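Sequences are here, hints too, so could you generate the full structure?
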Amino acid sequence: MKKGFARFARNRGALIGLVILTLVIVIAALGPPLYPQDPWRMVQRPFLPPFTAPGLPLGTDALGRDVLAGLIHGARVSLMVGLVSTVVALLIGVPVGALAGYFGGWVDDALMRFTEFFQTIPSFALAIVLLAIFQPSLFFIILSIAIVSWPPVARLVRGEVLSLRSREYVEAAVLSGQNSRQIITRQVLPNAVSSIIVLASLMVATAILLESSLAFLGLGDPNVMSWGYMIGAARTVLRTAWWLTFIPGVAILLSVLALNLIGEGLNDALNPRLARRGE
Amino acid sequence: MTILQIRNLSIALPKGADRPHAVEDVSLELAAGEILCIVGESGSGKSMSANALMGLLPEGVRPVKGSITYQGRDLLQADEGDLRALRGRDIGMIFQEPLSALNPLMRIGAQIAEVFEAHRLLTPVARQSRALELLHEVGLPDPKKAIRAYPFQLSGGQRQRVMIAMALALEPKVLIADEPTTALDVTTQAQILKLIEDLRRKRNMAVIFITHDFGVVADIADRVIVMQHGRIVEEGPARDVLLHARHPYTQKLIAAIPGPGGEAKDDKQGAPAILRVRGLNKIYKTGGGLFSSPRVVHAVNDMTFDLHTGETIGIVGESGSGKSTAGRCLVRLVAPDSGRVEMAGVDMASLSGADLRANRRRIQMIFQDPYSSLNPRSTIGRILTEGPVSYGTPRAEALARARELLELVGLDASAVTRYPHEFSGGQRQRVGIARALALQPDIIIADEAVSALDVSIQAQVLDLLADLKRQLNLSMLFITHDLRVAAQVCDRIIVMKQGRVVEMGSADTVLTAPEHDYTRALLEAIPGRDYERALKDATGVPACQS
Amino acid sequence: MNKVITPLVLAAILATTPATGQEAGGTLNLVIQPEPPSLMMGIVQNGPTQMVAGDIYESLLRYDSDLNPMPSLARKWEVSEDGLTYTFHLQEGVKWHDGEDFTAEDVVFSADVFLRETHPRLRATLDYVESIKAPDDHTVVFKLREPFGPFLGTFEAGTMPIVPKHIYEGTDFANNEMNNTPIGTGPFKFNEWQRGSYIHLVKNEDYYIEGKPYLDEVYYHVIPDAASRAVAYETGTVDVLPGGSVENFDVPRLTELPNTCVTDAGWEYFGPHSWMWMNNHKGPMTDPNTRKAVMHALDRQFALDALWNGLGKLATGPVSSSTRFHEADTPSIAYDPDLAREYLEKSSYNGETLQLLPLPYGETWQRWAEAARQNLIDVGFNVELVATDVAGWNQRVADWDFDLAFTYLYQYGDPALGVSRTYVESNIAKGSPWNNVAGYRNPEVDALWEQAALSTSDETRQELYTEIQNRIVEDVPVAWLLELGFPTIYRCNVQDLVTTAIGINDGLRDAWIEQ
Amino acid sequence: MIRFILARLLKAAVILMAILVLNFFLIHAAPGDPAAVMAGEAGATDEQFIADLRARFGLDQPLSTQLWLYIKGAAQLDLGYSYRQNMPVAQLILDRLPATLLLTLTAFVISIVLGVVAGVLAASRQGGWGDTLISAVAMIFYATPLFWIALMASLLFSVVLGWLPGFGYETIGANYTGLVRGLDIARHLILPATTLGLFFTAIYMRMTRASMLEVSRLDFVKTARAKGLRPGVIQRRHILRNALLPVITLAGLQAGQIVGGAVLTETVFAWPGIGRLMFDAINQRDYNVLLGVFFVSAAMVLLFNLITDILYVVVDPRIRIRS
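Protein chains in written order, with our numbering: chain A, 61 to 339; chain B, 6 to 551; chain C, 1036 to 1550; chain D, -12 to 310.
Keep in mind that the hints are not guaranteed to be accurate.
Distance windows between CB atoms, simulated [unchecked claim]:
| hint | chain 1 | residue 1 | chain 2 | residue 2 | range |
| --- | --- | --- | --- | --- | --- |
| 1 | C | D1251 | D | R307 | 54 to 62 Å |
| 2 | A | I257 | C | D1371 | 53 to 61 Å |
| 3 | A | S223 | B | S72 | 44 to 52 Å |
| 4 | C | D1373 | A | D98 | 19 to 27 Å |
| 5 | D | R43 | C | E1181 | 29 to 37 Å |
| 6 | D | I294 | A | N239 | 42 to 50 Å |
| 7 | A | S223 | D | R307 | 22 to 30 Å |
| 8 | B | A36 | A | I257 | 52 to 60 Å |
According to the in silico footprint, chain D covers these stretches of chain C (three or more CB under 8 Å from chain D) [said to hold, decoys possible]:
| hint | segment |
| --- | --- |
| 9 | 1222 to 1233 |
| 10 | 1266 to 1279 |
Keep in mind the hints are simulated off the structure, nothing from the lab. On a predicted model such as this, the values are computed, not experimentally measured, just so you know. Quick reminder that beta carbons are idealized off the backbone N, C-alpha and C, glycines included.
Here it is as structure tokens:
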């Protein structure tokens, strides 16, 4: 593991990513208590550009709300949507992939047809439909993103399990009397973890992008301040107040970039062999 | 006439490697028409020196000292363009794994024609006809078909022939052969060795032949260089080095060559049969779907034998003979299609669920690959206790037993807290053996258990197995492709070919008076048989006893 | 009431038609948003359909910005003394776009057969009509069962489009092939519709008014994204941005462009009126004090300035100031957070989370809902926005599944046509988002509505409607917001674009481009 | 080969059928129905009118009947009738399909070509500043929201610089024909196709780079060098061809995303394709159109997959000869 971190740290991009992400996490965790301005409160005249009004470093939006407050509160939501939806996607994808890969045969066939089926539907369109059905609350946004993003997990885990299950130590475990559940959880999955971690870090990034795209089309939770919402709301005033689109856009870009850099660093560190699988 | 000379060559490894130099202070000379064998175990630097000759060192590895003189020029000082002109035309090279050494997406003909193209020789049409001649010359059965084929359509031996054809296309003065037969079956190996030998004669070509196998050396070499840890430890004419090795390392290597003899083989036929196999069959169907018929492989075809208590049976065969599938059928890692596997009156082949689990602990396996047979995320302690614990042994008791087992297989008991990657290949294989023993089985199936090990380690592990077997009164099925290994450890030998048992009998009989042509061919193909005889004459003892 | 209005209207036409100056020729490019589902106005009457098909189909009358009738397919008309017989004299020499003659039979077929089946809003009006007859080819007589005050206001093209009998008689109207190539009598003919891209209309050379229309071609461009629509105007691809086609936030910037004019005229007939439904059926909003607290908590002037660019007016009650019989002097419903807090104090509200449905019609409405939520939170409410799409909004409003919900409706020039429907008890029924959704019940007011609709005297009606407006504002069944001002942005050299109460829906007949 | 394609087509048909059924239930689970929306737009307050509309649309039938009728129709390539748009769904989609195909295929080609070229360049300069630059740019594009790039591109190239049309399919009212029209469409295509393609360019670039580096470590590359081949030839003939195999696989998998990405791109650039049609249909609960678009986009994804499968077979003899 130590060696892994050394390899990770050698990757300059990954370190930059780690610094940015840490910053975002700190903002998300400590920002709201330290900067308690309600991001929905209309505090000043609309469309104040950044750096022009005291107390409002990033200016105000179309309703005179504090952009900095939005950015800080939005960090929390974007990260949460990204993380939670990834966790949920893993909770679906890992068991599906593990069962398919381990048992093979008709189990594999059935699960993989199921997965393929979800992969064939354009995922973004599926997310839209799901939100149209469930109504865009934070809960359903996370669920929808998870539902469209688990198939790659299942495929990756299946591939890993498929190759791991023919390893001799798995055969040894069979001979030593362990049952399938023990073998999957003790012998197989721990060895797939590094690939899953890499994929997960990239999925968090993708989920943040997906959330912002949905918000852009007006499918965000209207009660929760998120970066995606800020862009969606500001795009109508792109021409007159470009910074309202620009600032949260940069926030998303940096966070997603950081996650991707970290993912790449993790990939190099954890499984150099699998350099191209994480996509 | 010396055509190639290496002087004081040192090759540096990148930072962080386990030693600073891959090759240190190596000097050698190569005369026209001679075969020079470089022998050594893995990590000895034998391949590096050859690669340096071609200017094909891996990234980060570079020569730091010395010179390589070819036709009056120092190749280490030559620029890339000059080296390129040299490669293929003056020096050809073939590799260990012919499948991965050929571009999977190009036809054989095109890959050979490329050699001419690289040196701007011949017209495209002439290149093809020349390629055809070459394929003919290296003895491919149907050159016209082969030239249009893709690598995956040829067998391993055929691919290596293609590689040789390619390397010889421009009639180079030097051929570098880097373990060219290691990945091949023994009969194929014999053919390829003969081919290289013939070509050398015909063309008066010098060959640098890199190998770890003294049998091969004995069959082919004019001169031998033995390398250890990047240095040359011994050098001389083949006969001298092989029969009168001076350096202890060389002596150790030679002593480790497995072979028949050893302890007297008892006839254990009188003991009760602990395992009775009757009419075992396994058929694989691959591919196949709605629109295509599946490919059917009869991997195990009607296998029948008894294993007696305390007996070791060797199952011998080339790749694809079904020997490993047979072993896996017996422990039900693979479900046989039909047949009975009776162990103490219970038919393993028809058990399932808890019954299977309860009986399976009596028959355990030792695996081939020391790297993939231990879970890299588990401590040795856990690896050794998982089995007993899942059969109900309390963890503490299992752990105490694990410590004992480790000492039994020659490792320190403190290893329980360490992870597999902290051990060498041989040590790992010992852990694998300890694991098999942890469940106190009656029968051990060793599937190519020493094939991946260097020859000196191989000898140690074989000795360990022999000791354990005696101490614990185990019965053993020893699956191997190497007749010499089988000869050393087995009481009886089963020879398999394409799923069928072609011969079965006592080790002595099978090895000295085989009945079946195939067994005979296998025996013939073992490299260095003459040498072993000579060695026996010279030292008066069988190799493995010294 | 036996008036012949024609001369007056002729004067109006002359007034908007300078003796010199109109130049024939040219192509006018407009934005259409969203893309209409169909151009057959007899079947589909939504906004975009009316805007495009208003050039293809005509009705008997048009209306000026004070909602006075003007001739269209009818050149003059009389109303009998008792208010029960309406006689229309039709233009002569009118031809359908396929060359057939237009006759009174077409009018009878349209109103009596076709629209009775297909036009929900007109159907309600036609309930008052006993018979429709064509004594000759150029005369149509409508006989009513009882007097109906607003009847003469229903001959607008979107309300009563005249469709060709020779094409539709005896067919399945909704699935007639010809719906895709509409045939009307209007100044422009349908030429081509590239779905998702544009609709192309060409000049009707045989139009019955000599010299009109002036334009040769009209393109309606389908540009789904509001920002792109703004760009289209800036880059010169389109010349006209009808109301609602760009986000309000973009309006100030666009109006500052050179050669750009803006008007919020042309909506008088519709009188778009916005309010917030309050659920009088159940929950906290059943308490009048809570409703008053909401009403006074809303900073409508901020919304008007920040979201509507100051276009439009603060609503004073249920009737828009552009609708007939508006009463300006109703009880105050002004923004007063302190007063709101007082009412809230008195109310039975207990901190329940109110569900507020924004209108899913774009960013302006979304922002407005956010601002309103903040206003309400400021006086002590707990409010949660519920995001929906159009269908989800329809469903929840129709099922009374909300506490507060934004909406706006057209008033069609007369309280009896467009206002009473959302306040009378007989219009309380689940299943439609457009009826008395709030569940306002006041039998006395219901009686007044009835009386006012049946009266034919404008003075009597004014009295009744004033009374109604005062009573309803007193009860605050809904929170009135703004009389919406929809700006039409156009190049200043496009002349006479908006000359009637329905604006550019039928404006292209008279429009011309100054070169 | 024909067997292979037949097998794939059969599989695709099964998947499509399953998609039809699932979508049908998903979408019917949504609140709201088209009758209510239509009645609303017509300003109807009339209960009877909505009931009539429902009856006309068959919405009063049991769900199973609606599903059965729909699937029966779909089997005959009849995707139903859009009551909102008053025309057959198949025709609506066919009207728009060429625009979407043009956009997505162009984006697909742009991204593959640019991505592979950039990937090869980066790989051949591994560790150098060229590699760093290309990789960094790709990483940034990969991390940027698609719609945001679209907005910025439209702002910059159309509004500020005025170089390219910022929206639409062709210059409306210009009535170009023949080549001029083609060029006009091409000009309109540049921004949306590039924007849509950029994200995928980044993916293909990273993929190609990684794959090239991996392949260049394989034995046959060493063989090629041992033959004395020039680096350029080795790069092209040996490394690139083998490195493209995983890129092709990925391209097939990404097809679905390109179709999905078209919704955003078509929205921002007012491109009259099915992506935009779908978004409108969802808003209006135009079930038949929605189902139709789903059907067609899934079919498009399967088509892309089939194309990449065939490409794979063409490139890789191992699969070609075995199948």
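Quick rundown of the hints versus the structure:
1. C:D1251 <-> D:R307: 54 to 62 Å: At roughly 60 Å between Cβ atoms, R307 (chain D) and D1251 (chain C) fall inside 54 to 62 Å, so the hint holds.
2. A:I257 <-> C:D1371: 53 to 61 Å: holds (58 Å)
3. A:S223 <-> B:S72: 44 to 52 Å: holds (45 Å)
4. C:D1373 <-> A:D98: 19 to 27 Å: holds (21 Å)
5. D:R43 <-> C:E1181: 29 to 37 Å: holds (32 Å)
6. D:I294 <-> A:N239: 42 to 50 Å: This hint holds: roughly 44 Å between Cβ atoms.
7. A:S223 <-> D:R307: 22 to 30 Å: Given range 22 to 30 Å: holds, Cβ gap about 25 Å.
8. B:A36 <-> A:I257: 52 to 60 Å: holds (57 Å)
9. 1222 to 1233: Coverage by chain D holds for the segment 1222 to 1233 of chain C (5 residues, Cβ < 8 Å).
10. 1266 to 1279: Held - the segment 1266 to 1279 of chain C has 5 residues with a Cβ nearer than 8 Å to chain D, which meets the minimum of three.
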